[in-house]
Amino acid sequence: MENVRLAPRAGAWDAIVSAAGDYSVGDAAKILSRAGVPTGPQRLFAQLEGIRWVYRGGDGKWRAYAERVEKGYLAEKAQFHHHPATGDLVLDAPQVRGTVKGVDRLRQRLHVGALTAVTA
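157 is the number of the first residue of the sequence shown in my numbering; add one for each residue after it.
Please keep in mind that the hints were generated in silico from the structure rather than gathered at the bench. Fair warning: there could be bad hints in the mix.
[As the list claims (entries may be wrong)] EDC-like, lysine to aspartate or glutamate: derived pairs with alpha carbons at most 20 angstroms apart:
no., residue 1, residue 2
1, Lys233, Asp248
2, Lys257, Glu226
3, Lys217, Asp183
4, Lys257, Asp215
5, Lys257, Glu232
[Claimed, not checked] What follows is a set of in silico ranges between Cβ atoms, one per label pair, in the way DEER data are often shown:
no., residue 1, residue 2, range
6, Gly192, Asp244, 40 to 50 angstroms
7, His267, Gly243, 46 to 56 angstroms
8, Gln251, Arg208, 39 to 49 angstroms
9, Asp248, Arg190, 45 to 55 angstroms
10, Pro194, His238, 15 to 25 angstroms
11, Arg190, His239, 32 to 42 angstroms
12, Asp183, Gly206, 19 to 29 angstroms
13, Asp183, Ala234, 28 to 38 angstroms
14, Gln264, Asp244, 19 to 29 angstroms
15, Ser180, Ala222, 14 to 24 angstroms
Where is the CB? At the ideal position from N, CA and C, for every residue including glycine.
Using the sequences and the hints given, assemble the complete structure.
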């Protein structure tokens with residue numbers, strides 16, 4: 157009986173993870189929260205740091221470990237802005253983003269009762 161109740165929810169999750177693209181950490185946290193993972197954007201960054209998916213660069217901005225990008229769990233999106241005085245294009249630190257594959261892996265690792273010390 158329990159499996160019958162979970163089937164629609166599992167089907168919805170399958171639809172999410174079959175999509176292409178990536179999510180901001182804030183959006184990934186919302187998706188994970190709806191899947192039963194107790195998290196939010198700040199907490200998810202802390203969890204990602206704890207499992208060595210991200211680290212803070214010398215400028216204090218979050219960066220993805222190359223290994224996690226290579227495995228397809230994370231992506232980095234280039235960011236820039238125009239300098240207000242000169243109008244020149246200025247590159248900013250890249251934005252860390254969770255891929256669909258990465259969000260699914262996090263759901264498995266961070267679900268209620270999961271041990272976050274498990275290796276990726």
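Results for each hint:
1. At roughly 10 angstroms between alpha-carbon atoms, lysine 233 and aspartate 248 fall within 20 angstroms of each other, so this suggested pair holds.
2. Under the criterion of a C-alpha separation no larger than 20 angstroms, the hint pairing lysine 257 with glutamate 226 is consistent with the structure, at around 12 angstroms.
3. A hinted pair counts as satisfied when its Cα atoms are at most 20 angstroms apart, and lysine 217 with aspartate 183 qualifies at roughly 18 angstroms.
4. Proximity of lysine 257 to aspartate 215 is assessed by CA-CA distance (about 28 angstroms); at most 20 angstroms being required, the pair is judged violated.
5. Simply put, lysine 257 and glutamate 232 have alpha-carbon atoms about 14 angstroms apart, close enough for the 20 angstroms limit, and the pair holds.
6. In this structure the supplied range 40 to 50 angstroms holds for glycine 192 paired with aspartate 244, their Cβ-Cβ distance being about 46 angstroms.
7. The given range of 46 to 56 angstroms is respected by histidine 267 and glycine 243, whose C-beta atoms sit roughly 48 angstroms from each other.
8. Taking the beta carbon of each, glutamine 251 and arginine 208 are about 19 angstroms apart, not inside 39 to 49 angstroms as hinted.
9. For the pair aspartate 248 and arginine 190, the beta carbons lie near 30 angstroms from each other, so the given range of 45 to 55 angstroms is not met.
10. A beta carbon spacing of about 39 angstroms between proline 194 and histidine 238 contradicts the range 15 to 25 angstroms that was offered as a hint.
11. Separation of arginine 190 from histidine 239 is about 39 angstroms and conforms to the stated range, judged on CB atoms against 32 to 42 angstroms.
12. A C-beta distance of roughly 20 angstroms is found between aspartate 183 and glycine 206, which places it inside the suggested range of 19 to 29 angstroms.
13. The beta-carbon spacing between aspartate 183 and alanine 234, approximately 18 angstroms, falls outside the hinted interval of 28 to 38 angstroms.
14. Glutamine 264 and aspartate 244 have their C-beta atoms about 44 angstroms apart, which leaves the hinted 19 to 29 angstroms range violated.
15. At roughly 20 angstroms, the beta carbons of serine 180 and alanine 222 sit within the given window of 14 to 24 angstroms.
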